[in-house]
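To convert, count from 1 in the sequence shown and add 82; that's the working numbering.
There may be inaccurate statements among the hints.
[To be verified] Here are the computed lysine to any residue pairs in the SDA-like style, where the Cα-Cα straight-line distance is at most 20 Å:
| id | residue 1 | residue 2 |
| --- | --- | --- |
| 1 | Lys117 | Phe158 |
| 2 | Lys117 | Asn144 |
| 3 | Lys92 | Ile149 |
| 4 | Lys117 | Arg174 |
| 5 | Lys97 | Ile84 |
| 6 | Lys88 | Ile160 |
| 7 | Lys92 | Lys152 |
| 8 | Lys152 | Lys118 |
| 9 | Lys118 | Gln165 |
| 10 | Lys88 | Glu157 |
| 11 | Lys118 | Asn144 |
| 12 | Lys88 | Lys131 |
| 13 | Lys145 | Ile84 |
| 14 | Lys88 | Glu166 |
| 15 | Lys97 | Ser114 |
| 16 | Lys131 | Ile149 |
[As the list claims (entries may be wrong)] Computed Cβ-Cβ distance ranges for the label pairs, DEER-style:
| id | residue 1 | residue 2 | range |
| --- | --- | --- | --- |
| 17 | Lys92 | Pro142 | 26 to 32 Å |
| 18 | Glu102 | Glu166 | 29 to 35 Å |
| 19 | His141 | Met83 | 28 to 34 Å |
| 20 | Gln169 | Lys131 | 27 to 33 Å |
| 21 | His137 | Leu93 | 21 to 27 Å |
Derived by calculation from the structure, the hints in this document are not laboratory data. Note that CB positions come from ideal geometry on N, CA and C, so glycine has one too.
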Amino acid sequence: MIIDYKYDEKLLELKEIANEDDIEFLITLFDSELKKRLIKVREFFEDNKILSDIHYYIHPNNKYQVIVRKDFYNEFLIQLFRQELLQEIKWR
């Protein structure tokens, strides 16, 4: 199944890189207020007690690296959507 998603390119940049067993997201926030929303996404995954679902790294200048296990990919996108970091998700 292929997933398409949209986000406001004026507010953030999102790059996705597939690796062997996971997907790496490079996220740059152009509005520092969005940081609170991304933290809520991180907290969602911290609360589920699975240590290897995502790995979250903070870099300077509102840049974030999130490595997501492939089996948590859909849930990660849904959480970005719930926090209004994504505008639309489509499964086709």
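Each hint, compared with the structure:
For a cut-off of 20 Å, the pair hint linking Lys117 to Phe158 stands: about 16 Å separates their Cα positions. At most 20 Å may separate the alpha-carbon atoms for a hinted pair to count; Lys117 and Asn144 meet this at roughly 8 Å. This hinted pair does not check out: Lys92 and Ile149 have alpha carbons roughly 23 Å apart, beyond 20 Å. Restraint check: the Cα-Cα separation between Lys117 and Arg174 comes to about 30 Å, which exceeds 20 Å; the hinted pair is violated.
As the CA atoms of Lys97 and Ile84 are separated by approximately 16 Å, the hinted pair is consistent with the 20 Å bound. In summary, the hint linking Lys88 to Ile160 is supported, as the alpha carbons are separated by about 12 Å, within the 20 Å threshold. The suggested pairing of Lys92 with Lys152 is violated, with an alpha-carbon distance near 28 Å, which exceeds 20 Å. Under the criterion of a C-alpha separation no larger than 20 Å, the hint pairing Lys152 with Lys118 is inconsistent with the structure, at around 25 Å.
Simply put, Lys118 and Gln165 have alpha-carbon atoms about 9 Å apart, close enough for the 20 Å limit, and the pair holds. In summary, the hint linking Lys88 to Glu157 is supported, as the alpha carbons are separated by about 16 Å, within the 20 Å threshold. Between Lys118 and Asn144, the direct Cα distance comes to roughly 11 Å. Compliance with the 20 Å bound is thereby established for this hinted pair. A threshold of 20 Å between alpha carbons decides the hint, and for Lys88 with Lys131 the separation of about 29 Å lies outside it, so the pair is violated.
Distance hint between Lys145 and Ile84 is unfulfilled; the C-alpha atoms sit about 26 Å from each other, more than 20 Å. Of the supplied pair hints, the one linking Lys88 and Glu166 holds, its CA atoms being roughly 11 Å apart against a limit of 20 Å. Pair hint Lys97 plus Ser114 holds up; C-alpha atoms about 18 Å apart against a cutoff of 20 Å. Taking the CA atoms of Lys131 and Ile149, the gap is about 16 Å. The hint holds against a cut of 20 Å.
Checked against the given bound of 26 to 32 Å, the beta carbons of Lys92 and Pro142, roughly 21 Å apart, lie outside it. The given range of 29 to 35 Å is respected by Glu102 and Glu166, whose C-beta atoms sit roughly 31 Å from each other. Between His141 and Met83 the beta carbon distance is about 31 Å. The supplied range of 28 to 34 Å therefore holds. For Gln169 paired with Lys131, a C-beta distance near 30 Å keeps the hint of 27 to 33 Å intact.
In this structure the supplied range 21 to 27 Å holds for His137 paired with Leu93, their Cβ-Cβ distance being about 24 Å.
Checked against the numbered hints given earlier, this structure breaks hints 3, 4, 7, 8, 12, 13, 17; the rest are met.
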